[in-house]
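Asker: Could you build the full structure based on these sequences and the hints that come with them?
First to last, the protein sequences are chains A and B. In terms of this note's numbering, the first sequence opens at residue 1 and continues consecutively. In terms of this note's numbering, the second sequence opens at residue 457 and continues consecutively.
If you're looking for bench data, these hints aren't it; they were derived computationally from the structure. Glycine is no exception: its CB is placed at the ideal position from the N, C-alpha and C atoms. A portion of the hints provided could be inaccurate.
[Said to hold, decoys possible] Just a few of them, taken from the derived set where beta-carbon distance is under 10 Å, the chain A residues facing chain B:
#, residue
1, Leu132
2, Phe135
3, Ala184
4, Gly186
5, Asp190
6, Leu253
[As the list claims (entries may be wrong)] Beta-carbon label-pair distances, calculated as ranges:
#, chain 1, residue 1, chain 2, residue 2, range
7, A, Leu103, B, Asp765, 25 to 31 Å
8, B, Phe699, A, Ile269, 19 to 25 Å
9, A, Lys452, B, Leu663, 37 to 43 Å
10, A, Leu257, B, Asp592, 55 to 61 Å
11, B, Lys767, A, Phe135, 55 to 61 Å
12, B, Leu663, A, Ala409, 56 to 62 Å
13, B, Lys767, A, Ile179, 21 to 27 Å
14, A, Phe135, B, Ala605, 29 to 35 Å
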Amino acid sequence: MRKNLNVIAAYSIMMVLILMVGIFQSWNIALSIFNLCLISAVMTMGANIQWGYAGLINFGIMGYTALGGLAAVLISVDPVQEAWSAGGFDILMSLWLIIVMVLVIRFILKRFEKSKVRTYSIAAIIISGILLIRFSAEPGIEAIEAVDPAKTGFLGGFGLPIIFSWIVGAFFAGGLAFIVGKVALGLRADYLAIATLLISEIVIAIIKHEDWLTRGVKNVIGLKRPAPYEVDLQTTDWFINLVAKFNSGKLGLIENLADRQAALNQLVIEGSSVFVKLCYSGLFLVVVIILLILTQKALYSPWGRMMRAIRDNEEAANAMGKNVVKQHLLIFILGSAIVGIAGAMLVTQDGLFTPGSYRPMRYTFLIWVMVIVGGSGNNFGAILGGFVVWFLWIEAAPISLFLINFFTAGIPETNALKAHLIESVPYFRFLMMGLGLLFIMRYRPKGILPEKIEIK
Amino acid sequence: MDFVNAIILLLNYIFIPALTYGSQLALGAIFVTLIYGILRFANFATGDMMSFGTMMTILFTWYFQSLGVSLGVLPTALLAIPFGIIFMILYMLLIDKFVFKYYRNQKSPPVQFAMVSIGVMFVTQAVVRIIIGPGDRRFFDGEKFIIKAREFKEMTGLNEGLALKSTQVITIFVTIVLVSLLFWFLNRTKTGKSMKAYSDNEDLALLSGIDPKKIVIVTWVIAGILATIGGALYGLDKSFKPFTYFNNMLPIFAAAIVGGIGNPFGAFLGGYVIAFSEILLTYAYKKFFMYILPESMEPNTLVQLLSTDYKFAVSFSILVIVLIYRPSGIFKGKVL
Chain A
1 MRKNLNVIAA YSIMMVLILM VGIFQSWNIA LSIFNLCLIS AVMTMGANIQ
51 WGYAGLINFG IMGYTALGGL AAVLISVDPV QEAWSAGGFD ILMSLWLIIV
101 MVLVIRFILK RFEKSKVRTY SIAAIIISGI LLIRFSAEPG IEAIEAVDPA
151 KTGFLGGFGL PIIFSWIVGA FFAGGLAFIV GKVALGLRAD YLAIATLLIS
201 EIVIAIIKHE DWLTRGVKNV IGLKRPAPYE VDLQTTDWFI NLVAKFNSGK
251 LGLIENLADR QAALNQLVIE GSSVFVKLCY SGLFLVVVII LLILTQKALY
301 SPWGRMMRAI RDNEEAANAM GKNVVKQHLL IFILGSAIVG IAGAMLVTQD
351 GLFTPGSYRP MRYTFLIWVM VIVGGSGNNF GAILGGFVVW FLWIEAAPIS
401 LFLINFFTAG IPETNALKAH LIESVPYFRF LMMGLGLLFI MRYRPKGILP
451 EKIEIK
Chain B
457 MDFVNAIILL LNYIFIPALT YGSQLALGAI FVTLIYGILR FANFATGDMM
507 SFGTMMTILF TWYFQSLGVS LGVLPTALLA IPFGIIFMIL YMLLIDKFVF
557 KYYRNQKSPP VQFAMVSIGV MFVTQAVVRI IIGPGDRRFF DGEKFIIKAR
607 EFKEMTGLNE GLALKSTQVI TIFVTIVLVS LLFWFLNRTK TGKSMKAYSD
657 NEDLALLSGI DPKKIVIVTW VIAGILATIG GALYGLDKSF KPFTYFNNML
707 PIFAAAIVGG IGNPFGAFLG GYVIAFSEIL LTYAYKKFFM YILPESMEPN
757 TLVQLLSTDY KFAVSFSILV IVLIYRPSGI FKGKVL
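Answerer: Encoded structure:
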């Protein structure tokens with residue numbers, strides 16, 4: 001108990017902060033912060049597995065998040081029959097072409113010795129394959145995108161419950177990580193960072209511009225929910241009764257029957273959105289707890305010890321007969337898959353998929369700040385990092401507004417400097433993140449909750 | 457005649473824009489490569505440092521404009537750039553003193569430096585956005601065109617016009633002058649040579665009496681000059697928006713690595729490699745083929761290899777391919 005005191009203290013402070021937001025601002029805001037904290041925590045756990053366990057730097061988190069989101073779309077949206085009949089055949093043909101291309105390349109790689117001719121012929125196959133696919137798929141793509149472009153204009157998905165996409169998203173992200181890991185993991189740390197960042201940008205470019213698959217920048221809205229809809233709740237008897245029961249003290253004070261009914265209606269509307277958010281919180285908490293148990297088990301297993309050995313001294317681990325390349329690939333896939341789950345969760349919560357919103361600032365660098373601040377190598381630290389950083393990211397604007405008003409209290413409202421500062425309040429969050437990261441790296445380089453390894 | 461038209465078409469839509477864009481990338485890439493070669497880390501704050509320098513230039517441009525000072529046909533920004541450079545260098549030295557110096561003395565691994573530079577990136581982004589805001593700023597004044605497309609058509613009687621913007625000429629001219637000066641400095645002066653020695657082998661350089669503090673300061677000064685000029689030229693040619701500058705970091709990295717990181721000449725060429733391949737692969741050649749092919753063979757599609765949406769993706773793919781097949785870059789890196 002005693003040695004876990006700092007963990008308990010840190011989490012209690014975090015919970016108190018979120019409760020304070022609930023009391024002083026509103027429960028709606030508090031819960032939406034809490035939900036996004038949970039999603040961030042999942043992402044941070046994924047990055048932490050790669051960086052904290054194995055020392056692999058992955059700046060491609062944005063790409064895996066987007067793939068998770070894509071999975072949510074492809075699983076939950078109903079298939080668009082007209083689009084399938086218009087261009088489905090062409091798309092399937094292109095898919096076959098890609099598979100054939102990959103098989104041919106594999107065959108060449110296996111059959112022939114490494115030589116210049118082999119490299120050039122592979123390059124020629126890839127280039128001609130891309131050209132062939134581009135020109136053969138074009139009529140199909142145009143036909144699909146022409147099907148009711150304001151509403152669909154894409155193939156749609158499988159029409160399954162969106163929860164399944166959390167698993168499928170993990171597989172999507174893991175698949176991408178397999179390809180990226182195969183080609184890029186041999187690179188030096190900072191090259192790997194740049195390569196993964198750029199590959200994730202390529203992924204985003206594809207998701208953004210292949211309208212037949214994702215609707216691109218036209219976004220997919222109104223995804224199915226795993227939680228009830230507010231509108232339905234507001235007309236359900238048991239929910240109204242529940243709200244009435246919760247607030248019976250407050251409602252009892254109102255004498256007039258009509259007023260009481262109006263107040264109840266207001267409370268039901270507020271309560272319904274809080275209830276929906278609570279449903280999400282429950283679902284996300286389950287995911288976080290399952291992942292936490294699994295990652296903790298992994299950390300203290302022989303496998304975890306091996307990963308730390310590889311991280312701390314790759315050559316020694318190699319000499320002891322551990323397959324460093326294979327383990328690196330494995331952990332790269334596992335971490336990315338977890339990030340993919342988070343991406344699907346995010347889209348599930350929002351109910352919409354907006355490829356344009358995937359920016360490296362928000363989905364790569366901010367997640368890295370979370371990992372570093374929380375404490376790399378420590379799962380509790382990673383989750384805490386997700387909570388602290390996301391909380392600050394959201395609450396930075398109100399906090400800095402308060403600080404500006406506090407320090408410039410003597411200056412009149414019309415002062416140009418003060419007005420300018422108040423206008424640029426939203427950008428203080430970048431300053432806070434940057435300074436936070438720099439201070440943590442300087443004075444507490446292992447993070448708020450540092451990694452601690454107990455040998456039992 | 458058709459052949460000349462085709463050439464003019466390519467000049468107007470591919471060659472000149474790519475040369476301009478390539479010059480802007482090249483300056484940024486030399487900045488990245490210098491920091492990498494001498495201070496030994498990948499600087500993720502590159503784009504935002506460039507936007508800081510540009511912001512200072514813009515502020516001085518506005519100040520000069522309010523004073524009524526101008527350069528006539530040339531943009532006022534050229535006058536403001538030296539002042540922008542001074543502030544940029546001060547900002548960089550300040551950051552170096554309070555942030556990077558500690559890790560240099562600790563001999564931290566490059567990854568830690570990269571993480572720290574992400575912190576610097578966040579802070580710089582905040583500073584720029586708080587001072588000038590996130591919006592789009594145009595600060596170009598003076599004569600916009602040297603040759604207008606219509607005038608060119610009238611002058612030569614061709615179907616295709618050739619437009620030459622003054623910013624394009626300024627960009628290419630300034631880049632050539634600056635890069636030649638830089639190479640002269642690195643190859644001919646004592647300080648430049650000691651920088652090379654330091655980049656090549658730190659311990660040996662220290663043994664032969666080279667002062668590392670001086671090298672670091674000179675590196676930041678050169679970096680400040682390159683960052684400000686590169687950023688300001690990009691802003692003059694297109695427009696200034698902090699977010700675009702952050703995004704430009706990626707093709708700049710691509711240029712530096714493709715050219716062989718740590719090698720300024722490679723970075724210089726890498727900028728053009730990236731710019732030309734981006735534009736060549738995403739240009740629709742339909743009109744070009746209409747000029748050079750007989751009528752019966754005219755294409756009915758756009759003859760575009762990739763849609764322009766994939767412009768950035770092209771440079772990133774090139775980078776990934778280079779990283780995998782030749783991590784030291786096309787022109788062999790690690791020799792300053």
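Asker: Indicate, hint by hint, whether the structure satisfies it.
Answerer: So, going through the hints one by one against the coordinates:
no.	hint	in the structure
1	Leu132	violated, 13 Å
2	Phe135	holds, 8 Å
3	Ala184	holds, 7 Å
4	Gly186	holds, 8 Å
5	Asp190	holds, 4 Å
6	Leu253	violated, 47 Å
7	A/Leu103 - B/Asp765: 25 to 31 Å	holds, 29 Å
8	B/Phe699 - A/Ile269: 19 to 25 Å	violated, 37 Å
9	A/Lys452 - B/Leu663: 37 to 43 Å	holds, 41 Å
10	A/Leu257 - B/Asp592: 55 to 61 Å	holds, 57 Å
11	B/Lys767 - A/Phe135: 55 to 61 Å	violated, 20 Å
12	B/Leu663 - A/Ala409: 56 to 62 Å	holds, 58 Å
13	B/Lys767 - A/Ile179: 21 to 27 Å	holds, 23 Å
14	A/Phe135 - B/Ala605: 29 to 35 Å	holds, 32 Å
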